[in-house]
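*Asks:* Now for the letters of each chain:
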Amino acid sequence: MTLAIFPGCLVTYRYPEYEKSAYVILEKLGLKGMFIPEFTCCGSQVLESVDEKALTALSARNLAIAQSHGVNTLVALCGSCTFELLRAKKEMEEGERLSEINEVLGKEGLEYKPDENFNVMHIVEFLTQKGLFEKIGELKRDDIDVRVAIQEPCNASRPLSLHPGMDCDSFNRKLRGLIDITGASICDFAYERRCCGGTMLAFDEEVGRRLVALRYAALKESGADFIINACPNCQVVYYLYPFVVDKKYRKKESRLPSALFFTQLVGLCLGAGLSELGLERHRDRGIIKEMLENRGGH
Amino acid sequence: MEMNDVTCQQCGTCSRICPIEEIEPDRVLSDLFFEKEINPWLCCSCHLCTDNCPEALSPRDKMFAIRRLKIANGFKGGERLLKYIRLLKERGFLFPVDDDTNQERNALGLPELDLKKISCGMSSFFENIRTYRT
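Residue numbers (the numbering used here), protein chains in the order written: chain A, 7 to 304; chain B, 75 to 208.
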């Protein structure tokens, strides 16, 4: 297996700690993630709103770049990137657009070659594959017994037509399975499976603000210490946007549970340090340290 | 309008399941299959409608098709959308990724992006798409 991580633009620009903590987990598992320095954005929703053909070609281009480096397992961190890469892969494999798009890519010396051994998946899917999931359990060094709420990343597992063999609960089961390994207890959160609403902030901020306000209220009620994300769009909702609300609307949304990427929580349970997981750059690092030190008798 | 649009039975499943309906309770999402005016920007792309439609339609995909139609007919798409598209074409990302991004990566022990290759690649790519069409 030749593996590479596809970070996407939001992780690259705002949340490199998600990428870093993903590499840390791979390393603990004895796997090497190849770094591809020329991946771009997947174009999700933005380019789709303007030009559908360019959207497919852009994702096919990223797939072709991966193949040109000999990669056969491409692991996306973001829900939207997972969706776009899988959609382009399916469209290219079904044949209709393959020659047309490869003609465009060919001018840059790139080609997407349909190959049944070339796989694209979200990192939750990757880490819960048979063998790896069990290995995470075996390598566990520490119980991170904190209370968490989970936000499921919509685009990582939907639409189901891009995920043969999965049912509508598969992804949630896998994500919860990983959180269970860490020793964290999962609180009921009304929006766990109902979208963070984050991408609305980009297209109609007022509607987006009303959507996320509902989630903030439910999150405060959940009793969780942390909100665990598996997509940078969700991290915008629970990490970045509360401060926009505070500043713009003079409210105090910032007293929400701290937002973590699931890879940071899993990394902690595998014995990784705060700084290698990028937690030293977290706004709530003081609270996080205190909580980790004081938890359940540790 | 695509032929299969008429298979919509207006059962209301998409409206009920859409996260946006919680704040726009009067909106009838299936209106978009019947050429009734609907704001195509109010979609968070969660695909819940697609996965739950009993007729295997995708209101979500239809929303994006309506966006493209509006833009093809001269709708400018809003300031933020235009900014994203400009950044994508110039830098390969929707956000202003630059040398500071690589410095942050260095601080975390992550390898650097090849910003020059990305940006040159994007100009070629969008130029190649344009010339392919004309």
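Everything labelled a hint here was simulated from the structure, so no lab data went into it.
Any given hint could turn out to be false.
Straight line, CA to CA, 27 Å or less: simulated DSSO-like cross-link-like pairs of lysine-lysine [to be verified]:
#1 A:K113 <-> B:K110
#2 B:K191 <-> A:K38
#3 B:K190 <-> A:K38
#4 B:K163 <-> A:K96
#5 A:K59 <-> B:K157
#6 A:K258 <-> B:K190
#7 B:K150 <-> A:K59
#8 A:K113 <-> B:K190
#9 B:K157 <-> A:K119
#10 B:K163 <-> B:K110
#11 A:K59 <-> B:K163
#12 B:K190 <-> A:K254
#13 B:K190 <-> A:K253
#14 B:K150 <-> A:K113
What you are looking at is a predicted structure, and each value in this text was computed from that prediction instead of being measured.
*Asks:* Looking back at the hints listed earlier, which ones does the structure fail to meet?
*Replies:* 1, 6, 9, 10, 12, 13, 14
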